[in-house]
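Protein chains: 2
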Amino acid sequence: MDIKSKFSDRVKHLEGSAIREMFKLMAKPGIISFAGGSPDSSLFPAKELADIAQEILSKKGPLALQYGITEGYQPLRDWVTDRLSKQEIVGENDDTIIISGGQQGIDLAAKSLINEGDAVICENPSFIGGLNSFRSYNAELIGVDVKNDGIDTDQLEEVLKAHRNVKVLYTIPTFQNPSGITMSVEKRRKLLELAEKYDFIIFEDNPYGELRFSGEPVPTIKSLDKGGRVVYFGSFSKILSPGMRIGHATADSDLINRMVICKQVQDVHTPVLTQMICHEYVTRYSIDEHIKESCRIYGEKCEYMMKLMDELFPKCVEHTRPQGGIFLFCTMPEGVDSKELLKAAIDKNVAFVPGATTMVDEHKIYSSFRLNYSMASFEQIEQGIKVLAEVLNEALN
Amino acid sequence: MDIKSKFSDRVKHLEGSAIREMFKLMAKPGIISFAGGSPDSSLFPAKELADIAQEILSKKGPLALQYGITEGYQPLRDWVTDRLSKQEIVGENDDTIIISGGQQGIDLAAKSLINEGDAVICENPSFIGGLNSFRSYNAELIGVDVKNDGIDTDQLEEVLKAHRNVKVLYTIPTFQNPSGITMSVEKRRKLLELAEKYDFIIFEDNPYGELRFSGEPVPTIKSLDKGGRVVYFGSFSKILSPGMRIGHATADSDLINRMVICKQVQDVHTPVLTQMICHEYVTRYSIDEHIKESCRIYGEKCEYMMKLMDELFPKCVEHTRPQGGIFLFCTMPEGVDSKELLKAAIDKNVAFVPGATTMVDEHKIYSSFRLNYSMASFEQIEQGIKVLAEVLNEALN
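So the sequence lines, in the order shown, correspond to chains A and B.
In my numbering, each residue carries its 1-based index in the first sequence increased by 7.
In my numbering, each residue carries its 1-based index in the second sequence increased by 7.
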């Protein structure tokens, strides 16, 4: 039997995440990868987590190893709710659940809200995991450009006037993936206004928000929302450990209820053991101190990478200047294909994410590419940027 | 904004799993629950897992806490593939991936194959998690009765003649949830024949298959399949720990590839830490010895529960006689509503799963109910069955 003939319409045309494919390349020995979105693994509090895991399994094994409830391990859920409440993220009618990484939140909310043919407005560029989730529910994806202060709200309003089927706008407003750009508070307010006027829902994906290493904090869109229009996704992936797959979602409790039903059929619940480990870590230690240390390192790495780029890259290559997060975004002169550049770079053992994989229309030619500065060491950053500079000089001369 | 008005068609009418809701009831102190599907938590090798977790996080923290690949932690994937190969489950064109519990496999395969309006044939009764996954993709569910030797294949063929939109048949052929019934090898062969004749795919869900405590083993449908028509789901939930959420799926590699793309947008990957713990446990210790011990306990518990039921229940209440797994199924005289019985039982602090929640048409009245014998202690089984006998005697007199 040809199984391909049986594929559903929703997955028939999906392509695997180029970023996930990158993980396979990263396994190639000797490669310097700016392609992933991984935190610096030397920051993981492995020793502390080892002791915590030992204690939990010894003393509370039957709880840690048994089925749990779909909404999440209650003490962790309470801790997250409390923290988000202090950040004014939890509205009066809201509920918060623990999910298997922030990605799951996007997918559960998409499944709960998007019908075939509904339009989802995405920042262009955006996070491939978000884009692919919407694609997998046969949404119509509409890209809106990202300026230096966030999504182009004028272009957005034009799109909203032209498309009356917009149900969701997906944004990573703070230290955006892939651009590293942070949306201004004015634009956040404007987004909420437009959501009200054109009756759509905002997905605010905020995995990097706490990783600010310079500049002033900007309030989350969720904290500014009075109309219950924002679905908020947070994560422990970038501030503690991605391999544990723990995130959280906050939204109107009626929507959370639907998302919980969808989570029941996806994975029943997030593993109890990892949730307990996470909860014990954040109660026993200061996550804020840990975040502070991560910010210090990422700030230094970002600074170092930008300094090298400014010295070595051809002047026609522009890049963003993030105040936090783990990515920056480069743009070569129009018409240069960053996919071709990637091939040349991989030949010299350096990897990055080409712009195309971050775009709503992934089949056009883009001159942009994403660099991650959190995972590589300072030495690797130096070596990798030098190689990239060579590759760029060759390509652009 | 009324968020309910925005719900997608696929989730609008979904109801939460009554079984999951039961977990909340189970938290009520003093209740004896035959409702869940949990293994006996005294069987968990918590001490061994505690030491393993400690070691992994101390020695391989950066690996255990970092992002992993979607397909699963390679050593665990290899171990599972090897074990399944010995059971002749892995076909020539097949691939095997690690998933976040067997449930995720059902959902990924459903998402990859089922279009709105495609029909899925389900055993009636069946596992609510499977049924709800199919419902969440707007499949048409068609129930086929389960006899003492498995699905009614005559009725099945009638259904297949009448419905040309059948894409998938979902079965739990061994120690079925909820009935405890095992499908005969003749019927397994017949299913494959019908799949070939009527061109559909078989989802073989086998979380309980290794938990045989009496009778002779029956080959899996997957091992009998020559046409690449079976998608096989297995799990560590019932043989090691459900809270770790580790399962596996085996199917044609083209389908697995689609499922991997869907998994990328669901949870990126199953937590690396729990996969590493699981792998270390199965390589350091004998999972077969552990399974043998589980079978011994479950066999004794099942025997004990049946003995009490045969002594105390009204004679008009029939029950299945499982040779393995963790469930048995009772049927009262037609017309008696097991949901009403549940209310009376919960008043007296005993819980079970009413038949309605296991049926394709959940809104009819069913006189059947499911009892789980793995989780309760022998004392609780005695006490709970005595109470149930009282409730039954009251209801049926």
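Warning: the hint list may mix true and false statements.
[To be verified] Below, simulated DSBU-like cross-link-like pairs (lysine-lysine); rule was C-alpha separation at most 30 Å, straight line:
1. K93(B) - K11(A)
2. K35(B) - K154(B)
3. K299(A) - K66(B)
Note that these hints are calculated values from the structure, not bench results.
Computed from a predicted model, the values in this text were never measured in an experiment.
Results for each hint:
no., hint, result
1, K93(B) - K11(A), "holds (27 Å)"
2, K35(B) - K154(B), "violated (35 Å)"
3, K299(A) - K66(B), "holds (25 Å)"
Checked against the numbered hints above, the structure breaks only hint 2 and satisfies the rest.
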